[in-house]
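Engineer: Read off the chains here:
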Amino acid sequence: MVRVEVIAYAPTDFIEEQDVTIGRCRELVEKYSVTWVNVVDPDGRTLEELETLFAFHPLALEDAQNHAIASKVDVYEDIVFVIARTIVWAEDIDTDQLSVFIARKFIVTIHDKVFPQLEDVRIRLRRKNPKMLKSGADFLAYTILDLLVDSYFPHLDRLQSLLDRLEDEIIKRPSGEGISRLHALRTDIVRLRNALRPQRDMFGVLARLEIPIFRKETLTYFRDVQGHMISALDTLDTNREIVASLMEVQATLTSNQVNEVIKVLTVIFTITLPIAIVSSLFGMNVAFYGFNEPVGLYIAVSLMAVLTVAVAVWMRRKGWL
Amino acid sequence: MVRVEVIAYAPTDFIEEQDVTIGRCRELVEKYSVTWVNVVDPDGRTLEELETLFAFHPLALEDAQNHAIASKVDVYEDIVFVIARTIVWAEDIDTDQLSVFIARKFIVTIHDKVFPQLEDVRIRLRRKNPKMLKSGADFLAYTILDLLVDSYFPHLDRLQSLLDRLEDEIIKRPSGEGISRLHALRTDIVRLRNALRPQRDMFGVLARLEIPIFRKETLTYFRDVQGHMISALDTLDTNREIVASLMEVQATLTSNQVNEVIKVLTVIFTITLPIAIVSSLFGMNVAFYGFNEPVGLYIAVSLMAVLTVAVAVWMRRKGWL
Amino acid sequence: MVRVEVIAYAPTDFIEEQDVTIGRCRELVEKYSVTWVNVVDPDGRTLEELETLFAFHPLALEDAQNHAIASKVDVYEDIVFVIARTIVWAEDIDTDQLSVFIARKFIVTIHDKVFPQLEDVRIRLRRKNPKMLKSGADFLAYTILDLLVDSYFPHLDRLQSLLDRLEDEIIKRPSGEGISRLHALRTDIVRLRNALRPQRDMFGVLARLEIPIFRKETLTYFRDVQGHMISALDTLDTNREIVASLMEVQATLTSNQVNEVIKVLTVIFTITLPIAIVSSLFGMNVAFYGFNEPVGLYIAVSLMAVLTVAVAVWMRRKGWL
Amino acid sequence: MVRVEVIAYAPTDFIEEQDVTIGRCRELVEKYSVTWVNVVDPDGRTLEELETLFAFHPLALEDAQNHAIASKVDVYEDIVFVIARTIVWAEDIDTDQLSVFIARKFIVTIHDKVFPQLEDVRIRLRRKNPKMLKSGADFLAYTILDLLVDSYFPHLDRLQSLLDRLEDEIIKRPSGEGISRLHALRTDIVRLRNALRPQRDMFGVLARLEIPIFRKETLTYFRDVQGHMISALDTLDTNREIVASLMEVQATLTSNQVNEVIKVLTVIFTITLPIAIVSSLFGMNVAFYGFNEPVGLYIAVSLMAVLTVAVAVWMRRKGWL
Amino acid sequence: MVRVEVIAYAPTDFIEEQDVTIGRCRELVEKYSVTWVNVVDPDGRTLEELETLFAFHPLALEDAQNHAIASKVDVYEDIVFVIARTIVWAEDIDTDQLSVFIARKFIVTIHDKVFPQLEDVRIRLRRKNPKMLKSGADFLAYTILDLLVDSYFPHLDRLQSLLDRLEDEIIKRPSGEGISRLHALRTDIVRLRNALRPQRDMFGVLARLEIPIFRKETLTYFRDVQGHMISALDTLDTNREIVASLMEVQATLTSNQVNEVIKVLTVIFTITLPIAIVSSLFGMNVAFYGFNEPVGLYIAVSLMAVLTVAVAVWMRRKGWL
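Same order as they appear, the protein sequences are chains A, B, C, D and E. For the first sequence, position 61 (counting from the first letter as 1) is numbered 61 according to the working numbering, and the numbering increases by one without interruption. For the second sequence, position 179 (counting from the first letter as 1) is numbered 500 according to the working numbering, and the numbering increases by one without interruption. For the third sequence, position 184 (counting from the first letter as 1) is numbered 826 according to the working numbering, and the numbering increases by one without interruption. For the fourth sequence, position 254 (counting from the first letter as 1) is numbered 1217 according to the working numbering, and the numbering increases by one without interruption. For the fifth sequence, position 63 (counting from the first letter as 1) is numbered 1347 according to the working numbering, and the numbering increases by one without interruption.
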């Protein structure tokens, strides 16, 4: 169900309201230097009000509802529209969309599900962080996007440690199960990387935006987030290459196991061969020397012993025993 | 057989005619603010009339008939010529070409087979969608291309679910058949991606076209379609990497199966070896202790039991039993 | 042996001469609006005459003789020098070089072997195609290069059908021979692609050349050829990916066959094991129940039957029978 | 624990102090032409002083403490902020961050651990190298970064010789262990390459920086370091390709070993088959010619000899013996 | 040991001296229109003299001595510094560095070992080639670099024929040794390609250098060398892809061999199984029909014959015989 929250502030003032109307938000924009409207799971009526009261472009509002849009920046006359993605990792790893409208005196964020990164921003505002209260809407937008990108790193660390553990397991005890888990991890990394890659360019565009609603100082901040974004993608790229390499390792180790098993089979077959052959020979119903007599047993056993030792020595030389 | 359909409209007027001549279309262009001529499976005479009455460039008309042309935008003096591709998925997956001529007061679409996306646009026009009736030919072109790109996503979802199902099957029950189906899917994805990739640049060009027949507002719309196009290609790229990874998984799992089968062979051979060897030994025609007497049976059976247990224990330690 | 052919024309005039001298060609250039000199397998003297009479740059003439030069455009003061490649597919697939000098009033083509594409151009001229006779040397150059690129597509279709057939064969009956044929096809595709790739940029340069000897209209034509060139390379790229994928398929299917063969071995070994073991047991020279009596036979046969059925049931459960 | 060291010099003057305060550093900046402040493992208070006394941007100071930032150049009004990475190779290979603030009259370096490259710079300064004492802070920054890049090459040589040794081992005696070591080496190379790659662009930016604090002459120096950086990355790229190729070699050699082992098994099985079969035949309790008589033995042995020789000849023809 | 050679010429004059001093070279520069100084294996004193007498930048002189620098062009005020690489193929394939300083009236080349390409240039000069004697130092630089690039092609042809031969061998008789030789060849190609790749850009820069010491005409010449360089790299790229494909072929053929060997084992085992089983059955010490009588032999042999034929027929149907 739709939920609208608003925070408005000026260098010396701060107000926070829950479950308000878009109309009320519009009023606050007039009174405060910065107003932040957060719309959760918007319905049609709310979007219409945003279009009429805030003059948002219908295309941008449509994209804010579509959750398969690649990250991007669209610059309208006095509004910058940004689509960013956050990493969500409950059971599977996935990304979720945050739409941000940035204007000179307000920002509007739209999202679908719980967004803990926004709560962190709210806490900073509630604590009346002076730097934030003094800055404009552009700095608030930066703070939100900065915390969004910062929130990637614990996930990336977890991915890293998953990969490290899998690496250990595969090299110590390669098994058929390992390859499926590697594939699952690789799929996650590829999906994540392709979902976050457009965001690098997005921050690049933000860091070079020369428009009145962005102060020059804020561009420096966006450039910094872009640097962090690049680091996150570099980590994903590195892990993508490593997981691909690990798949090849797994394949070779599996081949190697085939090798080992066949060696065992060959060794067992070969080492017992003299006994089998000699006993078969002395089982023939023909009148050999020692037929049905103890001397036959002595000869048979001696032959077995000599041949088995010979085979064992040969195998040891080959390095199989 | 060639078929020409025309729709013409002005903010307060709307007319639709079937099986008309190109001459009639030309007349409508003069009377209405926007005229949309749709030519299905054009013959030589129709193309000639388009060349003489609408002043289309012969090269563009030639490309409109050739169905292996990569998507592109060609800008002539007062006409923009666009080649776009749609996904057709009957039995096999393939793409089909739509050629669009965009001028200030009319657009001409040329295609070969049934094009359901165009019907969706017609329905909007018939319903006298006010936004559309008020806008120019450039907005009509946007609507057509937007619906074209939107029509990709159900196909991509189907491809995705095919891949997911195949992924499940391969990991649960890898078989030789899986690899052929993976290859077929991969071929489809590669063909689709290479056919649609030029379209990303095509929309990029459209979104930056600064010519009189495109209003600045329309460029915003084309930029939005470009965003959707990028998302579609990202999905294809992601799936292309996953299907390639899955092929490696399949290869390793096949190797692993070889391993398992050889293990079974080795275990069966080894576990029955004591019985085979001992019975062969006691089958020798030499005078061993117990030869032709019950005591021989007891010794033989005891030996078999002891050795089999020993082998079983050794195998269990190796983790093969 | 060197051979020089010349065609000269004006809107209302047309002349064709064989085995002429370069001097004669130079004369025709003065008299007609467009002169096309075709030099086959040039010797040193002819090249010198071209340098002195037509003022060609010695470097360009050198490159025209070297047949390993990547496609390119070199723009001299009043001459454009183009190196293009054609596909030759006799037994093996290969490319051949066509060097074209384009000036305002003439073009000179130099090649080594038979060039059927040029004959097609000549036929058009002989038929006094009015569009061609009216146009300048730049349009003649376009016609030659357009027919060159058009001549790629039958070869690409043949390559495609070769690949399709190989694909079918490999998936139905994978064999060691398949991989060698795949490799041969892949080598052909890679060689062709790398030989033709520079041509895409070459046409890109031609389509943007703003020099007096190219009319603006002609640039539109070159842009169109570039589009066809891109399509040709896209096809090669797609097939290159598919043939690489097919190699992986072949590798996995080979592994799978190893699997099948070992399974057959294991099944045969295991299913006959009870008979082998039981007959070996009853072949022992010890006094078991039924020794040398019919009752022994009954017990042995019963044991064999029971155990064989048990093994068969177990194997069917494993899905191996 | 935080440690601040300072070196200040003018063409004819040189001073070095340990464990100083940031305030003292600020004083030296006023007195000397170049002051170099080195901050090891900075704490919060030191960073605050740097912000207030040297007017460093808080974002830059934050990045100087975060050790996962990709190399970059940030240009502030009169300060250039550079993040560079060094290779640390104790047990595992890793990279460490050096943050450098470059102004007209001073540079501040911040790092976490021991940085031997900086000691090399200090030694040059203590020896009162005239070129250095006469040059500005930009040349000092160049010297530091140049020695940093130069310090990569011994590590790259060590990596190279590790790879060469592994290459030899794998080709001579391929084993399952080899693949794990290859993977470890590949992981190191990939990590290193992705960590150092942004530095190429970083030096590219530095070499093109047209700002007052960099003299034009110094840009030539930075361009030279960029050349060395490119060589280092080329070496890593080459080795990355070679190690990937080696993995494929290892996989094929493992497959080949499977082949060899199965050949041995087949040869042993086949070569002893005549003896096994013939002795089994003559072990039948049926009245064949020579049953329980010496002549049976002669026949049996002759048969075995003839068949074994036949099998041996066949195998030698197949090239297996 | 250091060796300095000098050639100086004017349109009508030519002088060549061996083992001269740098001072003498400097004198010749004043007297002749072009002076070419060739320094082999320079020592510290020679480099110092070059720095003082020719005003070379110390960085350039340092790079001229370091032999691991990627090819590049550095433009100083009135000197262009070029690093180029030649292919050296004694036992292993490698590259060697040639440093060239180009000024308006002289060029200085520095190298370490014998450089046969330079001798070819000297021979042209000694023959008083009029084109060369009339041209400036820029044309001499072109001649040297052109011959350098031309000298790649025989090496590339040799590489090609090595690859072709290996291709033939692998497809006809795949063996474990083949993969090692493929890897060696691949390593050579990768090393060569990565060493020569920067040279393509180097010539690109030279061909676009708009500085007084390069006449416009010379740029045309450098553009031509760039074309040849691109062809050389294209050949390396093509061969790199083919050798990688060949490695996959080798891997699959090895797998296929495993297949063949196991098939042989299975066929031998299965075809002899009826004899083994039947003889084992008739070897039981139980009173079957024909026990110790000739009729048993007839039954046994008949059974063996019937079963062996049955197995053979089954195997032929499977295509294994």
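Hints listed in this document are in silico derivations from the structure and should not be mistaken for laboratory results. Certain hints may be false.
When the alpha-carbon atoms are kept at most 20 Å apart in a straight line, the in silico SDA-like pairs for lysine to any residue are as follows [stated by the list, open to error]:
1) E:K1602 - C:F911
2) D:K1281 - E:E1453
3) B:K452 - A:S175
4) D:K1179 - E:K1602
Partial pick of chain B residues on the chain C-facing surface, computed with a CB cut under 10 Å [claimed, not checked]:
5) V435
6) R514
7) I620
Glycine residues also receive a C-beta, built at the ideal position from the N, C-alpha and C atoms.
Engineer: Against this structure, judge whether each hint is valid.
Structural biologist: Cross-check of the supplied hints:
1. E:K1602 - C:F911: Distance of about 18 Å is within 20 Å: holds.
2. D:K1281 - E:E1453: 18 Å, holds
3. B:K452 - A:S175: 61 Å, violated
4. D:K1179 - E:K1602: 80 Å, violated
5. V435: This hint is violated: V435 (chain B) lies away from chain C, its Cβ roughly 24 Å from the closest one there, beyond 10 Å.
6. R514: Given a least distance of 9 Å, the restraint on R514 (chain B) holds.
7. I620: 8 Å, holds
Violated hints, listed in ascending order, are 3, 4 and 5; each of the other numbered hints is respected by the structure.
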